[in-house]
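There are 2 protein chains.
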Amino acid sequence: MNTGKFLPLMLVPLAGLPAKNLLATDQRPNIILFMVDDMGWQDTSLPFWKEKTALNERYHTPHMERLAAQGMMFTQAYACSVSSPTRVSLMTGMNAARHHVTNWTLEKNKSTDRKSDVLEFPEWNVNGICQVPGIPHTYEVTSLTQLLKNSGYHTIHCGKAHWGAIDTPGENPHHFGFEVNIAGHAGGGVASYLGEENYGNRTDGTPSPHQAVPGLDKYWGTETFVTEALTREALKALDKAKNLGQPFYLYMSHYAIHIPIDRDKRFYQRYMDAGLSEKEAAYAALIEGMDKSLGDLMNWLEQNGLEDNTIVIFMSDNGGFSTDTRWRDAPLHTQNAPLNSGKGSAYEGGIREPMIVKWPGKVKPGTQCNQYVIIEDFFPTLLDMAQVKKRRTLQPIDGISFVPLLEGRSANNATRNLYWNYPNLWGNEGPGIGSTCTVRSGDWKLIYYYETGQKELFHLTEDIGETTNRAAQYPRLVRQLSQELGHFLRSAEAQRPLWKATGQPCPWPDER
Amino acid sequence: MNTGKFLPLMLVPLAGLPAKNLLATDQRPNIILFMVDDMGWQDTSLPFWKEKTALNERYHTPHMERLAAQGMMFTQAYACSVSSPTRVSLMTGMNAARHHVTNWTLEKNKSTDRKSDVLEFPEWNVNGICQVPGIPHTYEVTSLTQLLKNSGYHTIHCGKAHWGAIDTPGENPHHFGFEVNIAGHAGGGVASYLGEENYGNRTDGTPSPHQAVPGLDKYWGTETFVTEALTREALKALDKAKNLGQPFYLYMSHYAIHIPIDRDKRFYQRYMDAGLSEKEAAYAALIEGMDKSLGDLMNWLEQNGLEDNTIVIFMSDNGGFSTDTRWRDAPLHTQNAPLNSGKGSAYEGGIREPMIVKWPGKVKPGTQCNQYVIIEDFFPTLLDMAQVKKRRTLQPIDGISFVPLLEGRSANNATRNLYWNYPNLWGNEGPGIGSTCTVRSGDWKLIYYYETGQKELFHLTEDIGETTNRAAQYPRLVRQLSQELGHFLRSAEAQRPLWKATGQPCPWPDER
Numbered sequence: 001m002n003t004g005k006f007l008p009l010m011l012v013p014l015a016g017l018p019a020k021n022l023l024a025t026d027q028r029p030n031i032i033l034f035m036v037d038d039m040g041w042q043d044t045s046l047p048f049w050k051e052k053t054a055l056n057e058r059y060h061t062p063h064m065e066r067l068a069a070q071g072m073m074f075t076q077a078y079a080c081s082v083s084s085p086t087r088v089s090l091m092t093g094m095n096a097a098r099h100h101v102t103n104w105t106l107e108k109n110k111s112t113d114r115k116s117d118v119l120e121f122p123e124w125n126v127n128g129i130c131q132v133p134g135i136p137h138t139y140e141v142t143s144l145t146q147l148l149k150n151s152g153y154h155t156i157h158c159g160k161a162h163w164g165a166i167d168t169p170g171e172n173p174h175h176f177g178f179e180v181n182i183a184g185h186a187g188g189g190v191a192s193y194l195g196e197e198n199y200g201n202r203t204d205g206t207p208s209p210h211q212a213v214p215g216l217d218k219y220w221g222t223e224t225f226v227t228e229a230l231t232r233e234a235l236k237a238l239d240k241a242k243n244l245g246q247p248f249y250l251y252m253s254h255y256a257i258h259i260p261i262d263r264d265k266r267f268y269q270r271y272m273d274a275g276l277s278e279k280e281a282a283y284a285a286l287i288e289g290m291d292k293s294l295g296d297l298m299n300w301l302e303q304n305g306l307e308d309n310t311i312v313i314f315m316s317d318n319g320g321f322s323t324d325t326r327w328r329d330a331p332l333h334t335q336n337a338p339l340n341s342g343k344g345s346a347y348e349g350g351i352r353e354p355m356i357v358k359w360p361g362k363v364k365p366g367t368q369c370n371q372y373v374i375i376e377d378f379f380p381t382l383l384d385m386a387q388v389k390k391r392r393t394l395q396p397i398d399g400i401s402f403v404p405l406l407e408g409r410s411a412n413n414a415t416r417n418l419y420w421n422y423p424n425l426w427g428n429e430g431p432g433i434g435s436t437c438t439v440r441s442g443d444w445k446l447i448y449y450y451e452t453g454q455k456e457l458f459h460l461t462e463d464i465g466e467t468t469n470r471a472a473q474y475p476r477l478v479r480q481l482s483q484e485l486g487h488f489l490r491s492a493e494a495q496r497p498l499w500k501a502t503g504q505p506c507p508w509p510d511e512r
Numbered sequence: 001m002n003t004g005k006f007l008p009l010m011l012v013p014l015a016g017l018p019a020k021n022l023l024a025t026d027q028r029p030n031i032i033l034f035m036v037d038d039m040g041w042q043d044t045s046l047p048f049w050k051e052k053t054a055l056n057e058r059y060h061t062p063h064m065e066r067l068a069a070q071g072m073m074f075t076q077a078y079a080c081s082v083s084s085p086t087r088v089s090l091m092t093g094m095n096a097a098r099h100h101v102t103n104w105t106l107e108k109n110k111s112t113d114r115k116s117d118v119l120e121f122p123e124w125n126v127n128g129i130c131q132v133p134g135i136p137h138t139y140e141v142t143s144l145t146q147l148l149k150n151s152g153y154h155t156i157h158c159g160k161a162h163w164g165a166i167d168t169p170g171e172n173p174h175h176f177g178f179e180v181n182i183a184g185h186a187g188g189g190v191a192s193y194l195g196e197e198n199y200g201n202r203t204d205g206t207p208s209p210h211q212a213v214p215g216l217d218k219y220w221g222t223e224t225f226v227t228e229a230l231t232r233e234a235l236k237a238l239d240k241a242k243n244l245g246q247p248f249y250l251y252m253s254h255y256a257i258h259i260p261i262d263r264d265k266r267f268y269q270r271y272m273d274a275g276l277s278e279k280e281a282a283y284a285a286l287i288e289g290m291d292k293s294l295g296d297l298m299n300w301l302e303q304n305g306l307e308d309n310t311i312v313i314f315m316s317d318n319g320g321f322s323t324d325t326r327w328r329d330a331p332l333h334t335q336n337a338p339l340n341s342g343k344g345s346a347y348e349g350g351i352r353e354p355m356i357v358k359w360p361g362k363v364k365p366g367t368q369c370n371q372y373v374i375i376e377d378f379f380p381t382l383l384d385m386a387q388v389k390k391r392r393t394l395q396p397i398d399g400i401s402f403v404p405l406l407e408g409r410s411a412n413n414a415t416r417n418l419y420w421n422y423p424n425l426w427g428n429e430g431p432g433i434g435s436t437c438t439v440r441s442g443d444w445k446l447i448y449y450y451e452t453g454q455k456e457l458f459h460l461t462e463d464i465g466e467t468t469n470r471a472a473q474y475p476r477l478v479r480q481l482s483q484e485l486g487h488f489l490r491s492a493e494a495q496r497p498l499w500k501a502t503g504q505p506c507p508w509p510d511e512r
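As given, the protein sequences belong to chains A and B, one line each in that order. Start counting the first sequence at 1; every next residue gets the next number (the numbering used here). Start counting the second sequence at 1; every next residue gets the next number (the numbering used here).
Okay, chain A solo, but in the shape it has when bound (with noise of 0.2 Å):
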């Protein structure tokens, strides 16, 4: 560099430069969205019902209760059951209806679906999504993440990624926009949490499992939880990233509280010794375990001055896990209560979540929105959040931006609708699980099976654990939220079932 020796005559080579580059450093808000895999929304020492519950006694949540009171806890808001279709919606803004990533993808040009003797399922996209064309059961999309790195943001991607086949454009994080890539892949779950494991990477020649966690090498045969060694790694992205003189977009996206529930020892004891099982003490640590990332990136941002210049929103991607005494404690199904039923279901244990924001200088500090939200309303309101002009996109976007809600400018967004679709079968049985859609409406919901043509209607603020049908109650309700249903459905090229006895597609929800 110069050295200033001749202070005057610096002048004439800066007139030279183009105007651009004396433009001030981008001071839009940095965003980390923190997000967690099967989280459901009692698991959390943070009350989100009316009342705290015996699961809130349980689990610790310190960061989660910190960064409420530093923003806004949303207690009706929404995901899809299962997590690719939530974070295809995420990413690209539409309801599933729309984009056909209906259930979980993994391997090429292979569904997940479970069999039915009674069902044939549609030819969903279980590729996923890319941003490409021409590529088969795929959805061409343009990214959120492509749009805020072509904003000027610097995007990060840290753990799961699932939105994307094995072998296809859309396994790879990097192909949707994000400049950093820590663990990101096509799998959707983790072969194991242990590092002592090598994150289920073998080391004998033989092929490593689809889920085995990529990138994470230099953590293998230590003691590291998958959870802690994505957290270190995404506070050295965070160290790079506030040299770059752009604000980042982190997508903190843990591969906690998946199952397999590994035992984090750092925090298992103490379960122990409160008297919980094996299970539900390594359950506990896992949620644990996660929280104290959330405190750790909390802690960089005081600690580096970006704490009034960061949004930090906090969500979960499906109900918590509930069908399968291997990993829960009986009795099943009621890991999320006073929700019913869990992962998987179209009942509110399958796709309630816990939801937080804080948006300093935005959000009042501790305080709590009513109203419900949906997993597409992220789309539009990260890009509302981070100023971007230029949104063009290949799809439609059926998400709503929340930010109105954030900054207390809409009291009641009740007279919107929030539609799920799900004409596949998953893996695990329970209640609400099987071939549905469902439509949210005020204080009701109505859930239709596509196999046996059943209704239920439900009055969430009544009866939140669903447990009483009052479909033959209210014909006329049913009557009318089967054709909104219906009408959307239609209206999003939504798919849906066959009866394989006669090769009919089952039929809409307003159509018996």
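Since the hints were made in silico from the structure, they are not lab data. Being a predicted model, the structure only gives us computed values, none of them experimental. Treat each hint with caution, since some may be false.
Any copy will do: because identical chains look the same in the list, a pair fits if it lies in one copy or spans two.
Under the rule of at most 25 Å between Cα atoms (straight-line distance), these lysine-lysine pairs were calculated in the PhoX-like manner [said to hold, decoys possible]:
1. K292 x K279
2. K110 x K240
3. K108 x K242
4. K455 x K115
5. K108 x K240
6. K218 x K236
7. K455 x K500
8. K218 x K240
9. K242 x K110
10. K279 x K52
11. K108 x K236
12. K236 x K110
Knowing the structure of chain A, use the given hints to seat chain B on it.
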């Protein structure tokens, strides 16, 4: 997946898919740009001059010969005299006079200019290029790779990047649209080629040197030369790429044959046996190791049936290193003979490069093109090859596509001038090394030295070694070329040094 038991019905769900899912897979050609570092015009057994030289006899590059037999050799292909200007011109389509990354980059806000008692060097873009606004001492650009990615190419970086300084956005190839990054960063050289030395990375807790190669940890402690490690990783990336249903762009950017001239043991002994000194045997082995990598890539294309739809381009980024007896035998400045001088020089030894293009079905095999081209021409050429239609860029483009030359459609481009501007001072000394600007016009070349005002005029066809300055003999031609050069530099908003004594800028070439 559905197994097709009900074949006639499979059409029902397919009918609901968007039409874009039915497009054919993208059939545009794959492109491999094989870029060597610091390779001189004569560092090969393939003769790029009218006769085979002693250097051609010394080196063994059978795969360059094989590539030339399948494509077109360019005998007058040019780059800049040091790395960063070349790399930036390639990535942006701009002449270095315009992008102001006129010397090599490494540390943020630090110039690498050698000190001069006489000249003060301009505020060139010491931080390189970047893809976002507001970063000091950079040029904000739309990169070649981003345009290729946007158009649907799968983009792979392997090896040396060198587009931006440490801790600036340009240091990371992912920021420019590369979806895969193998070992690329801010560094423009290698701390060590040797796996035994961990490619320069320290493991004792002390900081690694800036030019320690990142991302090849798995080869640490092995005998894998960095050229081989990069090749293996590139082949793995290609194995992945071939399944994605996208054309790929591989920027195979070797760290070889830049100093330090470490011994590639696989090839070293052959040259000792031939009677070369240890230094020169090591240099020759570095070259053959690089050539072996080219062969491995060509073999992969053949083994995977992709050789007919893959363009392979061979190029180097500046002349061969010839300025220090630490690395090369005396006499210095002869290592690129018959060209004068080497890396860092305005003479042909600093800027003329070995270049080959194989394009099956377009380029006639075994042909030679004697028209001149320059590195910024690669930008529009690769976009033409890739049939990229959306080419809006932040920067103006100086390069001209040489696709017509490849197709034999344009017999002569000698009416076009080529320009260089180097208002800097390189670290080493030698003929033609200084603060210069240069124009090539037909057979003639004029070099202007900012410090002394000296002008050198050479007739390249008659005097490729630039031994006879004909400036005094052709004053009108000198005046005309000085005007053309001065006009170009001003129109490109080029930079020039200042006189330390007076603070005044050095005159343009047509001002004295």
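Within, between, both or neither: K242, K110 at alpha-carbon 25 Å
between (41 Å within a copy, 19 Å between copies)
- Task: Using 25 Å as the alpha carbon limit, work out where K292 and K279 are close: within a copy, between copies, both or neither.
- Result: Answer is within; shortest intra-copy Cα gap is 20 Å, inter-copy 55 Å.
Query raised in the report: 25 Å Cα cut-off: does K108 pair with K236 within a copy, between copies, both or neither?
Result: This pair counts as between: shortest inter-copy Cα distance 19 Å, intra-copy 33 Å.
Within a copy, between copies, both or neither: which one fits K455 and K500 at a CA-CA cutoff of 25 Å?
This pair counts as within: shortest intra-copy Cα distance 21 Å, inter-copy 86 Å.
message = Checking an output row: K218 and K240, CA cutoff 25 Å. Within, between, both or neither?
response = Close inside one copy (19 Å) and across copies (23 Å); limit 25 Å.
Between the shortest in-copy and the shortest cross-copy C-alpha distance, which are at most 25 Å for K236 and K110: within, between, both, or neither? between (36 Å within a copy, 24 Å between copies)
- Query: Quick one: K108 to K240, C-alpha cut-off 25 Å, is that within a copy, between copies, both, or neither?
  - Reply: Between copies only: 13 Å across, 35 Å inside.
Checklist entry - Under a CA distance limit of 25 Å, which applies to K455 and K115: within one copy, between copies, both, or neither? => result within (23 Å within a copy, 82 Å between copies)
Alpha-carbon proximity between K279 and K52, which holds within one copy, between copies, both or neither at 25 Å: This pair counts as within: shortest intra-copy Cα distance 23 Å, inter-copy 76 Å.
Status of K236 relative to K218 across identical chains (alpha carbons, at most 25 Å)
Classified as both; 14 Å inside a copy, 20 Å across copies.
### Task
Up to 25 Å between alpha-carbons, please classify K110 paired with K240: within, between, both or neither.
between (39 Å within a copy, 18 Å between copies)
When Cα atoms must be at most 25 Å apart, do K108 and K242 count as within-copy, between-copy, both, or neither? between (38 Å within a copy, 14 Å between copies)
The structure meets every hint from the earlier list without exception.
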